[in-house]
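Protein sequence lines, in the order shown, are assigned to chains A and B. Taking the working numbering, the leading residue of the first sequence gets 105, the next gets one more, and so forth. Taking the working numbering, the leading residue of the second sequence gets 105, the next gets one more, and so forth.
One thing to keep in mind: the hints can contain errors.
It does not matter which identical chain is meant; a pair holds if it fits inside one copy or across any two.
Said to hold, decoys possible - Result set (BS3-like, lysine-lysine): computed pairs, CA atoms no more than 27 Å apart in a straight line:
| # | residue 1 | residue 2 |
| --- | --- | --- |
| 1 | Lys342 | Lys387 |
| 2 | Lys215 | Lys277 |
| 3 | Lys250 | Lys342 |
| 4 | Lys252 | Lys315 |
| 5 | Lys250 | Lys315 |
Worth flagging that the hints you see were computed from the coordinates, not collected in a lab.
2 protein chains.
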Amino acid sequence: MPTSARRWVLASRPEGKPVRDNFRLEEIDLPDPGENEILIRTEYHSVDPGMRSRLSGDSYAAALPLGATIDSAMVGVVEKSNNEKFAPGNLVTGGFGWVSHALSNGRGVQKLDPSLFHGPLRPTAAIGALGIPGLTSYFGLLDLGKPKEGQTVLISSAAGPVGATAGQIAKMKGCRVVGIAGSERKCDYVRGLGFDGAFDYHDANLAEAIKTHCPDGVDIYFDNVGAGMLDAALLNMKEHGRIVVSGQVAEYNAAQPIGIRHVTRFITHRLRMEGLVVFDYFKQFPTAQAKMARWIHEGALQYTEDISEGLEGSADAFIGLFEGENLGRRLVKVS
Amino acid sequence: MPTSARRWVLASRPEGKPVRDNFRLEEIDLPDPGENEILIRTEYHSVDPGMRSRLSGDSYAAALPLGATIDSAMVGVVEKSNNEKFAPGNLVTGGFGWVSHALSNGRGVQKLDPSLFHGPLRPTAAIGALGIPGLTSYFGLLDLGKPKEGQTVLISSAAGPVGATAGQIAKMKGCRVVGIAGSERKCDYVRGLGFDGAFDYHDANLAEAIKTHCPDGVDIYFDNVGAGMLDAALLNMKEHGRIVVSGQVAEYNAAQPIGIRHVTRFITHRLRMEGLVVFDYFKQFPTAQAKMARWIHEGALQYTEDISEGLEGSADAFIGLFEGENLGRRLVKVS
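Chain A with its partners taken away, still in its complex shape (with noise of 0.2 Å):
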């Protein structure tokens, strides 16, 4: 068993884009298991945007305190069990972040049944396509956008792993489906996933941009960026059309909320915006995570990862994000 673990945390509180130096990789004793508890060793844990607004502390969730492990979901094996309910070589999830090794009482801690993780399903799937930004794509897209056959939604951050399986529930539902993405890459990489449209924003006015690719308007757009691309995509709604507040990456790294100006649409147009945490729908959790690992093994759903080797470049992974740099989900492969 191994007496030291290694952990990743928060330095200081980054202003604007993070910075490596805001990061702090530790070493610290591991001790054995108590009475109850369990170790896990980390095959792959998650680098998520999100996350970037607790570093800061303007979150729904507490501030991150300074010395705090970062938070991320994570795979793992568990070593050694003193826990009735786990053995040693269970696969599990949990949410111990960017850590070598984590200790448990087992609360928080699933075990994935491995009878269900084959094929194009793999274990990382469970912190990806069918855990939180899968699982944001689900009721983001069904509860909050509702789409009908025929509607046209509208994606950004289209490449992402929210925005691309919002885009194919949306397909699978009869949409017609347009991505925002941040390179031709990733355009290719969402019409591949069968996308009717998509563009780069870095080429584009992006009103007219929208107006080009959905000339009838948009019934649903499902908005991880916000600001700038959240107005644009304002004046190109349809009436009675629904915004789903997923994400707004474009606002963690502002000094100043950045927001948007044409308000007065939500009149003219008969709009409906909302916004969602995912852990409200909980409860619903377990039919959405078997509808989708079906979808996956049905090849209906495909996901896509980003998995960079080793926890020492874990805080690295973690910037480029903000860079644009990863196409799917970001990993870092600890083990």
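Since the structure of chain A is already known, use the hints to place chain B on it.
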């Protein structure tokens, strides 16, 4: 029978606040009513802040052409009728605008049941508390706001006809109601209507004043103003709060849209914001009007009118709306 009529037309499009020169009072020939037509003499017409956007053409309705009669609601009396559905002396409402007389084939003209209009329910209420402003309050608050007993409802332009009615309906639903208005006199007025609190926005840091008056947060913000007031309300919304976008008077005269900054609150606080155009509820108007007529007769719903005399003052009455002059529904008594 008169042989000429007077009407106000759009002389030029306002930039910013409307001025007197944007309007022109004309005298026109008034032919006898033709086959199937009726001649209506205006008793009262309304002046409505929502009309402002149509003068520039930034509205759900088409821009008003230059030279066209300024639209509004009116209450009048049938002077002459060649239409079997109407008889001289009938009290009617219609959307004929700022005119002394109107010829009509009867389409869109509603005959008022004189047996309803007595005591506190004056015929002018047909274009006020039972008209577009009252119906906007009714459907905006009840259908979009969905108030529940014990909730806190914040209302901007609280002394205006829409806000004052929305506040009284919210009180009937058992809510705690706080109003924002433009003077101490208006605050006294809404307190007199039963509002639990009110403050003058001139005095105050808006976000702090809302917090003082709604220390536990706002469940429903019924917004008639927009821009900075909406932004301040956003900072005080409770989780799962709802924002009803009823009017955006702070935007109507702005050269550039102003908008809001705190969009991330839609995620962190799971907010919903939705706009309405009351005509979408057209089929439910009679039910709502019957209910509101009963409330008025029972004394549960009060309304106030601010009546100026003479068609020659219509433009000034309209311009004054944007100076915050009026307390209650502003009408012009024509004859």
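Hints, verified against the model:
1. Lys342 to Lys387: Only across copies: Lys342 and Lys387 sit 22 Å apart there, 33 Å inside one copy, limit 27 Å.
2. Lys215 to Lys277: Neither way: Lys215 and Lys277 sit 31 Å apart in one copy and 47 Å across, limit 27 Å.
3. Lys250 to Lys342: Both ways: Lys250 and Lys342 sit 15 Å apart in one copy and 24 Å across, limit 27 Å.
4. Lys252 to Lys315: within (20 Å within a copy, 40 Å between copies)
5. Lys250 to Lys315: within (22 Å within a copy, 34 Å between copies)
Figure legend: structure checked against the earlier numbered hints; the only hint not met is number 2.
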